[in-house]
Every structure is written in C-alpha cells, then in structure tokens.
Amino acid sequence: AQRVTQPEKLLSVFKGAPVELKCNYSYSGSPELFWYVQYSRQRLQLLLRHISRESIKGFTADLNKGETSFHLKKPFAQEEDSAMYYCALALSSARQLTFGSGTQLTVLP
Amino acid sequence: ETGVTQTPRHLVMGMTNKKSLKCEQHLGHNAMYWYKQSAKKPLELMFVYNFKEQTENNSVPSRFSPECPNSSHLFLHLHTLQPEDSALYLCASSQVAGELFFGEGSRLTVL
Chain L
1 AQRVTQPEKL LSVFKGAPVE LKCNYSYSGS PELFWYVQYS RQRLQLLLRH
51 ISRESIKGFT ADLNKGETSF HLKKPFAQEE DSAMYYCALA LSSARQLTFG
101 SGTQLTVLP
Chain U
1 ETGVTQTPRH LVMGMTNKKS LKCEQHLGHN AMYWYKQSAK KPLELMFVYN
51 FKEQTENNSV PSRFSPECPN SSHLFLHLHT LQPEDSALYL CASSQVAGEL
101 FFGEGSRLTV L
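Protein sequences appear in the order of chains L and U.
Residue numbers are given in the working numbering: position 61 of the first sequence equals residue 61, and the series is strictly consecutive.
Residue numbers are given in the working numbering: position 86 of the second sequence equals residue 86, and the series is strictly consecutive.
Calculated directly from the structure, the hints in this document are not laboratory data.
Hints are supplied without guarantee of correctness; some may be wrong.
[As the list claims (entries may be wrong)] Straight-line C-alpha distance at most 25 Å; calculated DSS-like pairs for lysine-lysine:
#, chain 1, residue 1, chain 2, residue 2
1, L, K9, U, K18
2, L, K22, L, K73
3, L, K22, U, K18
4, U, K36, L, K22
5, L, K9, U, K52
In this text the structure is predicted, and so the values were computed from the model without any measurement.
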C-alpha cells in the first residue's frame, strides 16, 4: 500500500532563510505527488503538483524517484508562508489521495 | 455561493443520536469525497463518489453511511457513534484526479 511520510511535525525558520519541507513516499508504481497547504483559519488548498512543474508563491518541489522524495523548497521564506503543509500521493488516474501527517511551518520575523 | 460548503460547521451529539453532515459543491466537479481529520493523525479518506457512484470505501464502520443523490451534494449520515469518532470531517470535490477542493469542515463531538 502507498504511504507518505513527513518526518518533521514542526519546522521554524527565520524570514529570508531557505526552507525545505521533507516528504518521502513508498509506492512501487508511478505516483502523482502534490503539496497542499492550510493557512490559519482557512481551508485546505492545493499548492502545487509535480507534473505541472510550476513555482507557486515561490515554492518548488521536485520528484526524485530514486530517493522516493518530493521535498518542498523555497529560497527565501516569508512570514505569510507560516502554515500547515501536507504532502499527498495519488495513484495515477485514481481518485484516492493519501496524505502525510503534515508539517507546521513557522516563519519567524 | 461558490466552492465547497459544509453544514453544520459544529455538531455535538450523543452516542444514540442520528444526525447528518451535508456537503454541497458549486464547481461542477464530478467526484466528491469525505475525509476524517483527527488530532495527531493524517487525513483519512473515508468515501469517494465518482459521478454519483461510490468508488471507495476505506473500511469505514457502518455507523457512517454516505449518500450522494447527485454530483453536487454529498451527505454523511451518522448513527450510534462512539466518542473516538469525534473529529473534523472534511468534504472535498474534484474534476481532475488529485486536485481536491476542500470545504471548511464539520467539527463533530460525540459525548
């Protein structure tokens, strides 16, 4: 069965510092990976997906099949990036999305 | 109103009560989902409906009963729940696999 692991429950960085939120997955096929974000008092929303290869709000994530990782990165963190971040995996063309346990990012002034 | 709307936002019920959670989406999506979010646990997928047909049921106890009368509405009927069922229940919809639009959730407390 597929599994998503986010090893850090809490992560704090200073404003302007680089940030990396780790995500590892286990799945033998070709997964689709996503990052979702939940800002304070807002609903959970999609941040980015690996196949689009976009940069959203300065965040990027690269799928590394060799390391089965999909880490989320931003070179210069901003205070408004403080939120809960969830990594998620979908089997190709399937409706089921498996979420990691989430990482609470706090960007300090 | 656009997006995914869930009612009620908060619900307190006894173990012998029967209640329902409602979800409505105005996005024209063809799939709808129920997720359970408990403290210190990942989001757990409960049910998936695709074009009104249930396609996933992740070993959810029968005290939770979903209903999808049309592609815009999804219900979760609750009966004889246990205190450990207290959680935030999230509804979501999607048109593209993996790209979910979530509601704000219904916070359920079972006494």
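Next item on the list: For the pair supplied as a hint, K22 (chain L) and K18 (chain U), confirm whether the alpha-carbon distance does not exceed 25 Å.
Entry: violated, 41 Å
Check: Holds or violated: K22 (chain L) with K73 (chain L), Cα cutoff 25 Å?
Finding: holds, 9 Å
Check: Hey, K36 (chain U) versus K22 (chain L), does the alpha-carbon distance stay inside 25 Å?
Finding: holds, 23 Å
Item checked: 25 Å Cα cutoff - pair K9 (chain L), K52 (chain U) -> violated, 36 Å
Next item on the list: Compare the distance between the alpha carbons of K9 (chain L) and K18 (chain U) with 25 Å, and conclude whether the hinted pair is satisfied.
Entry: Distance of about 36 Å is beyond 25 Å: violated.
When each numbered hint is compared with the structure, violations occur for hints 1, 3, 5.
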